[in-house]
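Protein chains in written order, with this note's numbering: chain A, 14 to 91; chain B, 1229 to 1638.
Heads up, some of the hints might be wrong.
[Unchecked claim] In silico PhoX-like links for lysine-lysine, alpha-carbon gap of 25 Å or less:
| no. | chain 1 | residue 1 | chain 2 | residue 2 |
| --- | --- | --- | --- | --- |
| 1 | B | Lys-1349 | B | Lys-1359 |
| 2 | B | Lys-1491 | A | Lys-67 |
| 3 | B | Lys-1417 | A | Lys-77 |
| 4 | A | Lys-74 | B | Lys-1417 |
| 5 | B | Lys-1346 | B | Lys-1358 |
| 6 | B | Lys-1359 | B | Lys-1346 |
| 7 | A | Lys-56 | B | Lys-1491 |
| 8 | B | Lys-1246 | B | Lys-1285 |
| 9 | A | Lys-25 | B | Lys-1359 |
| 10 | A | Lys-67 | B | Lys-1417 |
| 11 | B | Lys-1359 | B | Lys-1285 |
| 12 | B | Lys-1629 | B | Lys-1612 |
| 13 | B | Lys-1346 | B | Lys-1317 |
| 14 | B | Lys-1246 | B | Lys-1278 |
| 15 | B | Lys-1491 | B | Lys-1359 |
| 16 | A | Lys-25 | A | Lys-60 |
| 17 | B | Lys-1417 | A | Lys-73 |
| 18 | B | Lys-1317 | B | Lys-1246 |
| 19 | A | Lys-32 | A | Lys-56 |
| 20 | B | Lys-1614 | B | Lys-1629 |
| 21 | B | Lys-1344 | B | Lys-1358 |
| 22 | B | Lys-1359 | B | Lys-1344 |
| 23 | A | Lys-60 | B | Lys-1491 |
| 24 | B | Lys-1317 | B | Lys-1243 |
| 25 | B | Lys-1491 | A | Lys-32 |
| 26 | B | Lys-1358 | A | Lys-25 |
| 27 | B | Lys-1491 | A | Lys-25 |
These are calculated hints, taken from the structure and not from any lab test.
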Amino acid sequence: MSAAITFEEAIKRLEEIVKELEGGEIEIEKALTIFEEGTRLAKICAKKLATIEKRVEILKKGEKGEDVLELFQGIEEG
Amino acid sequence: MDMERVIFSVSEITKRIKHLLEETFPDIWVRGEISNLRTASSGHIYFTLKDEGAVIKAVLFRGYQRAIPFEPEDGMNVIVHGNIDVFDKRGEYQIIVDLMEPEGIGALQLAFEQLKEKLHKEGLFDEAHKKNIPAFPDTIGIVTSPTGAALRDILNIVDRRYRGIRVIIYPVLVQGEGAAEEIAEAIRKANQRREVDVLIVARGGGSIEDLWPFNEEMVARAIYDSHIPIISAVGHEIDFTISDFVADLRAPTPSAAAELVVKNKIELLRWSRELIIRLYNSLDRMLVSRREKAALYSTELLVRRMTQLLQQKSQILDDLERNLSVQMEALLIKIRGRFEKAVGQLNALSPLNTLARGFAVISRLPENWPVFSVQDVSERDEIKAKLKDGLLFSTIYRIEKAQPDGDGDT
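Given only the sequences and the hints, what does the whole structure look like? Please build it.
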């Protein structure tokens, strides 16, 4: 998990914001603040979704016995 | 008659008895009920085996306990294997047990029930402890064999669903000696590395022996201690393991586990788009209602700011829609690829291929009805013959029906 917000967190928060704004029982200043947050999240979601590449890695032992992530080359048939 | 008396010392007679018993019963199976079981501080287990008529002392040394998956208990009916041993210092004999099987139920089945009961009592299966599985993880960890069917099934789902997702495989043995240790260690390591949002612990189908590592206590505890939510996907739908009970979620199969966390990307794009539209619409509505009430507030600035914000709407949606169309296009290309492959396969079966071998496809004009039999046409009908490199149009001037074979002479 990176420090950056995950897609999961972004879309969950966006859902909350939309619900809150649609509820209408909200101070206009607050509404604007969370709206702006919502647009930021929307951009994050769109950006995350733009990543088409998937990436499959495998945790292996390096030369000194340390853990290293390598790109996974596919399943050896056998 | 003189009786010659043979007098043994205690040691000598004991030695003879020892020799006799140990030589005669080096390799025996005994059925009985366990009673007076106690575990010594040395770890050896002492008990007696009894039936209606007799009892025999027995010991299960610590070193042999590994071979017995379940916990022997008083009252349990068992069959033991071992040899008779005479303990000369006490003038006692006992059976030294090296194997034990429960009666009427498999040893593994019994071990499973015992561990399930124990962990249940300890609260390892409590719903309250279970973590939510993230619906849209960015990174998925898989604890499984790097060469197994389970991994292949999961990666197939990931492939099919397009999400730009990161997958990290923590390779382990999934059966046999040392497998449980590796699985537990991989779960701990994933927790230390903190790089995945959810873990799938997976294995394809197999016998109860094959699935056994997922019934071991150390795996159960590693799952319980994990801070990362864990989906257990072991064996087929009908197989239940201890891992399934401890995990935050049980998936019936590895594919099903993947389907739970790898959402279809196009669905995600649609959902994001809907949320963004709703976001802007909500502000739109608010703006309208504030304008109506403008007299009540000094809202001019707010209204200006809202209007500005709303102007961004089209841009974000454009981005998303461009992305959606790229995705759709990718999907179309993939579908087209599949379609073309299917057409290729169809071609191999097609009559058009037989044309290449010198046959023709005949149809009657003008309807283009296929002609299979001389009865499908009459004289003066126009027909079309399709050959591999073109068409022939002709008119029938004579019809000759073939004579059925072997129907004439005797």
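Tell me the hint numbers this structure goes against, listed in increasing order. Going through the list in order, the structure violates hints 11, 13 and respects the others.
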